[in-house]
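From first to last, the protein sequence lines stand for chains B and D.
For the first sequence, position 229 (counting from the first letter as 1) is numbered 229 according to our numbering, and the numbering increases by one without interruption.
For the second sequence, position 99 (counting from the first letter as 1) is numbered 99 according to our numbering, and the numbering increases by one without interruption.
For the record, the hints were derived by calculation from the structure and aren't laboratory data.
Check each hint, because a few of them may be wrong.
What the hints assert, rightly or not - Chain D regions said to be covered by chain B (calculated; three or more residues, Cβ under 8 Å):
1) 43-50
2) 53-66
3) 102-109
4) 127-136
Unchecked claim - Some chain B residues close to chain D (C-beta under 7 Å, calculated; not the full set):
5) Ser75
6) Gly82
7) Gly151
8) Asn154
9) Thr157
10) Thr158
11) Val159
12) Ser168
13) Ala169
14) Ser258
15) Leu259
Just so it is clear, CB atoms sit at the ideal spot from N, CA and C, and this is done for glycine as well.
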Amino acid sequence: MDVSGAIERYQPLVDDWERFLAISRSPLPTCIWVNSTRATVDEVTEFMAAEGIVFERLAWHPEAFRLAEGADAGSRLSYLAGLYHVQEEVSLLPVVALAPRSGDCLLDLCAAPGSKTVHAAAAVGRAGLIVSNDRSGARLNVLRTALHRLGLMNVVTTVCDAAVFPDSARAFDGVIADVPCSCEGTSRKHPAVLSQASVARSRSLAERQRTILSRAIDLCRPGGRVVYATCTYAPEENEQVVGAVLAARDDIRILPFSLPGLLHSTGVTSWKGQDLHPDLVGTMRIWPHQNDTGGFFVALLEKTK
Amino acid sequence: MRQTARYVSLDLHKRTQLLEVVCDRFGISPEVFDGYAFFQGGRRYVMVATVAPGDVPVRESASIGVPFMRVNLPYPKLTTGAVMTFGSYATRNLVDLSIPEAREFVRRRAVLLDASRMARCTGKGYVIVQRRNVVIGLGFVDPKRHGAYLKSLYPGRWSPGP
Chain B
1 MDVSGAIERY QPLVDDWERF LAISRSPLPT CIWVNSTRAT VDEVTEFMAA
51 EGIVFERLAW HPEAFRLAEG ADAGSRLSYL AGLYHVQEEV SLLPVVALAP
101 RSGDCLLDLC AAPGSKTVHA AAAVGRAGLI VSNDRSGARL NVLRTALHRL
151 GLMNVVTTVC DAAVFPDSAR AFDGVIADVP CSCEGTSRKH PAVLSQASVA
201 RSRSLAERQR TILSRAIDLC RPGGRVVYAT CTYAPEENEQ VVGAVLAARD
251 DIRILPFSLP GLLHSTGVTS WKGQDLHPDL VGTMRIWPHQ NDTGGFFVAL
301 LEKTK
Chain D
1 MRQTARYVSL DLHKRTQLLE VVCDRFGISP EVFDGYAFFQ GGRRYVMVAT
51 VAPGDVPVRE SASIGVPFMR VNLPYPKLTT GAVMTFGSYA TRNLVDLSIP
101 EAREFVRRRA VLLDASRMAR CTGKGYVIVQ RRNVVIGLGF VDPKRHGAYL
151 KSLYPGRWSP GP
């Protein structure tokens, strides 16, 4: 399959281009995380093993596992009993980066189909609350089914354009802004994206992404955290968006973070002859060949005042 | 923002009545439900959440919590999600299935219970179904009509199919 110029331009950023291309065209491994609101990790893994599910723990997440090929994860008793949830491995990163605590009140601003809401709801527990928003109410139906199956009763859904989400009765302890993007990192599920990626499309998305990120920061309490995430490689949608919002505001800073066991690249600080904010080195890029996952970008921000 | 849900919290009397049905049938202590809000939105379901509709931090919401009980039936029925959350506290009308039986159950097929498991049922009505202390759903027994067969009430849209 041809690779578009929009993808080829990333070659200087990737340490092993041929391996990147090969992995980007191969199917994704299946990843699950344990619903520890229903049972302990040990209880769940014992139940899974009794069903004959073969799995290995992720190096960087103590409650997440990669299943062997052919596991048929969505048909197993363990899944049907709500003991685990199937979620792409890299998309676990926003909630892990946010590190919510029990009792936190979080906003998932562009939530559908809802895996990050589900992940966050399990993390904050009964004492916490998630407001899960998307501009498409229909797309939130998948979320509601998952919440029901997993027994997560601490979620309120709203249907609103993220860019104009209204002020709420309280500022949120954390906000997840997993914004609409060009999805270049999803080629292992949607191979055509490698040949159809376009710089023009990335540039056209950036303004809305900046607006959503800025609104996310508005809605976060001082001292709280905002996670900006995409599943694309384009700096126009990643570092340039975060850098632009950093430059326009005096109430946020990037919090560098790392996860032992997860290989990643740092954010770029220069792109196509333009120097970007030096703090962007504290953001995180995941290339598929680094951990055998999809592609992803995460920036963890703290609201300082 | 689009609001599509208007919920009415159950008053204490209705809440007590609703939970008595569950507690009596399954031998669940009422304290298990402390801290949860129950409210009705529409004719079919009572919903459950960790926050009451009046306490959500947003002015308008599309949904709050998850379905708890379907009430527009001759015998109001806990939802499968509610059973999986609260069913582990049950002390009666609770049966354990083998893996092959559990696989039949989630495919909405009836399971034949032996005498010892039928003895754990107190007569016609709903039965919580589990596998190795993990609740997987709700069934129904009617000894006079169906003998020792446990009818599966596993939701069709959740079933993995044949």
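Against the structure, the hints:
Counting residues of the segment 43-50 of chain D whose CB falls under 8 Å from any CB of chain B gives 3; the rule of at least 3 is met. Counting residues of the segment 53-66 of chain D whose beta carbon lies closer than 8 Å to any beta carbon of chain B gives 11, which meets the minimum of three for the stated coverage. Counting residues of the segment 102-109 of chain D whose CB falls under 8 Å from any CB of chain B gives 3; the rule of at least 3 is met. For the segment 127-136 of chain D, the stated coverage by chain B is satisfied: 5 residues place a CB nearer than 8 Å to a CB of that chain, which reaches the threshold of 3.
This hint holds: Ser75 (chain B) has a C-beta 4 Å from the nearest C-beta of chain D, less than the 7 Å allowed. Among the interface hints, the one on Gly82 (chain B) holds; its C-beta lies about 5 Å from the nearest C-beta in chain D, closer than the 7 Å criterion. A least Cβ separation of about 4 Å between Gly151 (chain B) and chain D falls short of the 7 Å threshold, and the interface hint therefore holds. Residue-level restraint check for Asn154 (chain B) holds (minimum Cβ-Cβ distance to chain D is 4 Å; threshold 7 Å).
Taking 7 Å as the C-beta contact cut-off toward chain D, the hint placing Thr157 (chain B) at the interface holds, the least distance being around 5 Å. Annotation: Thr158 (chain B) was flagged as interfacial toward chain D, and the flag holds, the nearest CB pair being 6 Å apart, inside 7 Å. The interface hint given for Val159 (chain B) holds, since its Cβ lies 4 Å from the closest Cβ of chain D, which is under the 7 Å cut-off. Hint status for Ser168 (chain B): holds, given a least beta-carbon distance of 5 Å to chain D, under 7 Å.
Interface hint at Ala169 (chain B): satisfied, since its Cβ lies 4 Å from the closest Cβ of chain D, which is below the 7 Å cut-off. The criterion of a C-beta within 7 Å of any C-beta in chain D is not met by Ser258 (chain B), whose closest approach is roughly 32 Å, and the hint is violated. With a least beta-carbon distance of about 29 Å to chain D, the hint placing Leu259 (chain B) at the interface is violated under the 7 Å criterion.
The structure is inconsistent with the numbered hints 14, 15, although it conforms to all the rest.
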